[in-house]
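Undergrad: Next come the chains, spelled out residue by residue.
Protein chains: 2
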Amino acid sequence: MSDDWKSYALQLANQAKVASRQLATLSSRAKHDWLKRSAELLVANSNEICAANQRDLDLAPSYGLSSAAIDRLKLTDSRVQAIAAAVEDVIALPDPVGELIDGYTRPNGLRISRVRVPLGVVFFIYESRPNVTIDAAALCVKSGNAVILRGGKEALFSNQALYNALKQASKETGLPETAVQLVETTERAVVGELLGLGHLIDVTIPRGGKSLIERVSVEARMPVIKHLDGICHVYVDKAADIQMAVSILKNSKCQRTGVCNAAECLLVHKQIAPAFFDAASSMLITESVEVRGCPRTLQFLPNAIPATDADYGTEYLDLILSCKVVDNLSEALDHIDQFGSKHTDTIVTNDYLAAEEFLASVDSAAVMVNASTRFNDGGEFGLGAEIGISTDKFHARGPCGLKELTSYKWIVRGEGQVRG
Amino acid sequence: MSDDWKSYALQLANQAKVASRQLATLSSRAKHDWLKRSAELLVANSNEICAANQRDLDLAPSYGLSSAAIDRLKLTDSRVQAIAAAVEDVIALPDPVGELIDGYTRPNGLRISRVRVPLGVVFFIYESRPNVTIDAAALCVKSGNAVILRGGKEALFSNQALYNALKQASKETGLPETAVQLVETTERAVVGELLGLGHLIDVTIPRGGKSLIERVSVEARMPVIKHLDGICHVYVDKAADIQMAVSILKNSKCQRTGVCNAAECLLVHKQIAPAFFDAASSMLITESVEVRGCPRTLQFLPNAIPATDADYGTEYLDLILSCKVVDNLSEALDHIDQFGSKHTDTIVTNDYLAAEEFLASVDSAAVMVNASTRFNDGGEFGLGAEIGISTDKFHARGPCGLKELTSYKWIVRGEGQVRG
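Chains P and V are the protein sequences, given in the same order. Each residue of the first sequence is one higher than the one before, starting from 4 at the first, in this note's numbering. Each residue of the second sequence is one higher than the one before, starting from 4 at the first, in this note's numbering.
One thing to keep in mind: the hints can contain errors.
Simulated pairs of lysine-lysine, DSSO-like, Cα-Cα distance not exceeding 30 Å [said to hold, decoys possible]: (1) P/229 with V/273; (2) P/20 with V/273; (3) V/213 with V/39; (4) V/174 with P/229; (5) V/253 with V/77; (6) V/241 with V/213; (7) V/241 with P/229; (8) V/77 with P/229; (9) P/174 with P/156; (10) P/406 with V/406; (11) P/213 with V/20; (12) V/170 with V/406; (13) V/406 with V/213; (14) P/170 with P/77; (15) P/406 with P/229; (16) V/39 with V/174; (17) V/174 with V/77; (18) P/9 with P/273; (19) V/20 with V/9; (20) V/213 with P/9; (21) V/170 with P/273; (22) V/213 with P/20; (23) P/156 with P/273; (24) V/9 with V/253; (25) P/20 with P/241; (26) V/406 with V/39; (27) V/20 with V/156; (28) V/174 with V/20; (29) V/39 with P/213; (30) P/156 with P/9; (31) P/20 with P/213; (32) P/253 with P/170; (33) P/273 with P/20.
For the record, the hints were derived by calculation from the structure and aren't laboratory data.
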């Protein structure tokens with residue numbers, strides 16, 4: 004059997020490679036025709052898609068899915084329409100391929116430029132939510148990449164039904180048939196085989212739990228764009244506006260808890276701690292936030308639980324907040340350096356020097372002043388749709404939109420120049 | 004013993020990490036003071052450096068170094084001065100850290116910008132030529148990165164003597180002492196240990212033979228910037244200026260043979276083949292180029308040797324040239340796609356459409372029209388010094404100068420905005 008998976012994986016990757024060569028020089032119009040028709044077919048096939056989704060929902064209890072996970076898995080007519088609308092949004096984004104990044108003329112007359120090109124073949128591994136299938140396919144095709152999609156077993160029938168619309172659109176609009184491919188088995192050995200094909204696949208993007216991402220990072224023989232923990236901090240500086248600090252903490256922690264850009268840890272300057280906790284405690288109680296704090300925190304919030312070092316390094320993804328009172332900005336910076344995950348950290352302050360020092364010193368994908376951590380998001384940053392939020396520093400950092408799915412090449416134009 | 008190497012590697016990496024945090028916000032002036040003093044001390048220590056180099060040269064025969072390799076290893080007073088002058092050149096380059104890449108204001112008033120930041124800790128592995136020790140240290144410090152240098156055993160004494168000048172400069176100018184560290188053992192286990200420290204080292208850059216680079220790629224638990232084969236093509240189109248084609252072929256193949264941007268394969272359109280080979284044959288003979296050709300090539304160059312498929316995929320790094328006569332541009336593009344290494348390829352033509360199709364279709368780091376492949380080089384592209392020429396598509400492609408040693412972060416400035 005393992006030989007079968009090997010050859011299946013090799014076939015997928017080879018087919019993607021062939022398609023990627025065609026996609027690289029495809030016009031925006033041809034890509035838009037496919038996106039447009041895909042959106043139409045998704046809406047037209049909504050009944051079949053929802054019926055396939057029902058098969059997944061029927062099996063969901065056997066996979067032990069929580070009710071929240073089942074809700075994320077569920078498709079309805081209006082959700083399918085929203086998925087199609089997201090494809091239309093991708094059409095409206097500028098085509099990154101062919102963008103002239105920079106250009107200049109050398110003293111010997113050579114005209115040198117850098118032009119944006121697709122990465123080539125993307126292997127995208129994700130879990131549960133079936134809309135990701137369509138988002139990822141739309142972003143990859145728009146950026147001129149072939150993509151191999153590997154969704155979770157919980158969504159297999161839904162993903163197949165969604166994928167059928169894309170295949171149909173390829174046939175009708177002439178997009179290379181293997182530009183978008185779905186791994187149509189839940190056999191994990193296929194993933195391992197694909198991760199070994201570094202000569203055919205240009206990048207792997209895993210989106211899901213930490214264990215998935217770590218496994219992929221170890222096995223992959225090609226670059227990986229990782230989306231790991233978001234241990235995001237809100238630091239309330241001594242010069243903070245207290246109402247603003249409470250509002251930003253509330254939004255960062257409570258607006259949506261299960262996402263990577265939600266805050267997990269609150270740091271408070273000791274000089275503002277009495278007044279700040281006085282204002283924040285009722286919000287924390289109203290929002291049912293469990294606080295795990297340092298000894299000084301416990302003086303202000305008697306209901307808080309004592310925090311351990313493990314708390315400070317934990318991404319709760321829940322209504323839990325670790326908290327520490329610090330002596331000064333420097334202690335806050337050290338804490339973020341030690342326990343943060345280089346995702347998103349914000350300072351609330353009206354002190355210019357403190358704001359600038361925080362921005363310069365915190366080594367995270369997004370560093371903010373007087374804004375909620377929840378803004379670290381492709382849509383909120385104005386990039387349009389994103390394929391994820393990278394916690395890497397290499398190639399792409401923070402929200403990964405269309406440009407982050409590209410590379411560049413150097414173009415040199417001359418009239419016979421040779422090197423002296 | 005292996006525990007000793009483990010703790011040695013961990014110590015190097017931890018110290019580099021600490022230094023990298025300080026380097027990230029160091030002013031250009033402080034970095035320039037160190038570069039300037041390093042250059043001065045290299046010149047001042049020239050006698051000791053050359054004496055240490057003599058110890059390496061004495062041992063060179065026991066390592067089986069060729070006379071060419073021994074020449075590359077050798078340091079003289081004037082070569083030390085040239086190394087110091089290269090450091091001065093790095094001072095003159097713009098500091099990439101803090102560069103505002105882009106910035107804009109969102110409808111909710113958030114001011115969003117992307118600012119260039121150092122990658123962090125660079126692990127640089129290289130072979131023989133001792134000047135690389137200084138080039139790499141200068142580029143890494145200028146770009147705000149801490150660096151761990153691991154040179155070849157053949158240059159150990161030379162590298163230590165060069166490194167002493169850098170250490171002295173750090174002491175005198177206040178650069179963090181562990182910003183630049185040399186692995187002062189030839190024990191290979193240390194390399195393996197360092198490659199496992201993905202949480203401390205941000206990128207590994209191996210520069211050397213293919214086996215080194217492949218070993219590093221397999222073991223590294225962090226991103227790798229690879230510098231692999233340069234199987235570069237010169238394609239002489241039917242609309243080529245024949246004298247220009249001969250000149251570009253000569254320069255691409257013969258100006259320096261042992262480098263990655265030298266041409267290894269010549270493709271000739273069948274319609275121009277008779278006239279082109281008529282003009283090129285005497286040059287190829289004068290330059291002592293051994294041609295390995297397809298059957299049609301052999302008709303024009305009777306002294307050529309029949310080529311095999313293996314020839315077309317070979318980086319000779321020598322006065323050997325594989326050659327194929329093709330029916331049209333499309334066959335040339337297919338050949339480059341199949342046998343090239345995505346490094347540098349050039350078309351010689353006066354046909355506008357052919358030039359543009361070549362530029363658009365060839366997926367190489369540098370694609371050229373009417374110019375020698377030898378121009379794919381940081382200095383020739385105007386980037387200043389380079390740490391290598393990347394054959395990857397991810398993060399950095401082609402010449403890697405200061406900017407390619409950086410990442411970016413998102414800066415968000417607000418007045419209390421929260422997400423709706």
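Undergrad: Decide, hint by hint, whether the structure agrees.
TA: Verification of the hints:
no.	hint	verdict
1	P/229 with V/273	violated (48 Å)
2	P/20 with V/273	holds (29 Å)
3	V/213 with V/39	violated (35 Å)
4	V/174 with P/229	violated (38 Å)
5	V/253 with V/77	holds (29 Å)
6	V/241 with V/213	violated (35 Å)
7	V/241 with P/229	violated (47 Å)
8	V/77 with P/229	violated (44 Å)
9	P/174 with P/156	holds (27 Å)
10	P/406 with V/406	holds (17 Å)
11	P/213 with V/20	holds (24 Å)
12	V/170 with V/406	holds (25 Å)
13	V/406 with V/213	holds (25 Å)
14	P/170 with P/77	holds (22 Å)
15	P/406 with P/229	holds (16 Å)
16	V/39 with V/174	holds (13 Å)
17	V/174 with V/77	holds (28 Å)
18	P/9 with P/273	violated (59 Å)
19	V/20 with V/9	holds (16 Å)
20	V/213 with P/9	holds (26 Å)
21	V/170 with P/273	violated (41 Å)
22	V/213 with P/20	holds (24 Å)
23	P/156 with P/273	violated (49 Å)
24	V/9 with V/253	violated (50 Å)
25	P/20 with P/241	violated (56 Å)
26	V/406 with V/39	holds (21 Å)
27	V/20 with V/156	holds (25 Å)
28	V/174 with V/20	holds (19 Å)
29	V/39 with P/213	violated (46 Å)
30	P/156 with P/9	holds (20 Å)
31	P/20 with P/213	holds (29 Å)
32	P/253 with P/170	violated (44 Å)
33	P/273 with P/20	violated (58 Å)
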